[in-house]
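Visitor: Turn these sequences into a full structure, and let the hints steer you where they fit.
Start counting the sequence shown at 1; every next residue gets the next number (the numbering used here).
Don't read these hints as lab results, they were simulated from the structure.
Every clue listed holds true.
DSBU-like cross-link-like pairs, simulated, lysine-lysine; straight-line CA separation at most 30 Å:
1) LYS154 / LYS64
2) LYS74 / LYS123
3) LYS74 / LYS154
4) LYS180 / LYS64
DEER-style ranges, computed between Cβ atoms:
5) ASN129 / GLY183: 32 to 40 Å
6) ILE203 / GLN242: 36 to 44 Å
7) SER134 / VAL249: 37 to 45 Å
8) PRO248 / ASP94: 23 to 31 Å
9) ASP253 / THR153: 18 to 26 Å
10) ASN146 / LEU236: 21 to 29 Å
11) THR282 / ASN156: 20 to 28 Å
12) THR150 / SER72: 18 to 26 Å
13) LYS180 / SER134: 29 to 37 Å
Just so you know, even glycine gets a beta-carbon here, dropped at the ideal spot from N, CA and C.
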Amino acid sequence: MKNKYFFSFLLAMLMALPSTAQVRQLQVWRGGAIVQSFATTQIDSVTFSVISEPGTGGSASEPKVYTVNGVSFKMIPVEGGAFIMGATAEQGTDVCENEEPTHPVRLSSYAIGETEVTQELWKAVMGTNPSYFSGNQLPVEQVSWNDCQTFITKLNQLTGANFRLPTEAEWEFAARGGNKSLGYRYAGSNIIRAVAWFENNSISKSHAVAQKQPNELGLYDMSGNVNEWCQDWYGLYGSAAQTDPTGPVTGSDRVMRGGDNASAASFCRLSYRLSYDPACRTGLIGLRLALPNLQ
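Guide: Structure representation (structure tokens):
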């Protein structure tokens, strides 16, 4: 429903109240927070949610499947919205300094990979497989940020799309479940074993994607399995509100998120941040694709 019609509908409801009714409070919620509150006369309360607003979302589209040289993968739409980025309360007391301060972020709609890029997809695009652990449905690893850029360039040539790495803010918003977030510590649960391969259950190796419980958006392995490169240069947070942030203009390291199969549980939290030289390759680093919109 368009916002203007929703507000008209709400106004009509209020006007239809009997004259003896007293409206006490009207609250506008967006992204899990009250953005405006109207003190009026009195009823218990009227509370409603703004689902989207022009330029930041609209109705989410359906997931889209892309196929490259016989290998298919799915991109999941993420409706634009607002959230608090960084070490929010559910992240606990074991947060790191670089996860603070928390700050408001607003994002436009985008799409993100349902899973980490698999070895099967990497081979379909690049013709080789650099991974230490081998398996078509395992996440590709031992890929640097620079390698990922080469992969994405070739993928875009094959598909005619505009794939890229997610920004750090896009990664965290999606991992939190976007506008469907239930406020978990990990991506889809407060119980890490339900959603992640980490040091206590992985047997020190990566595992096939999509074997654990997905998060609220239907995304798999955003906690654990392999770390995921983000597009941004690494930098410290500020407290100011941001819209579609892309990180520092320059830097020496690129951001990674999500934790890996050798990580302690704390390093698989949603706000945990890590950075590496963009030329670094290890068996614990992979990637997940993003699109500015489904094409």
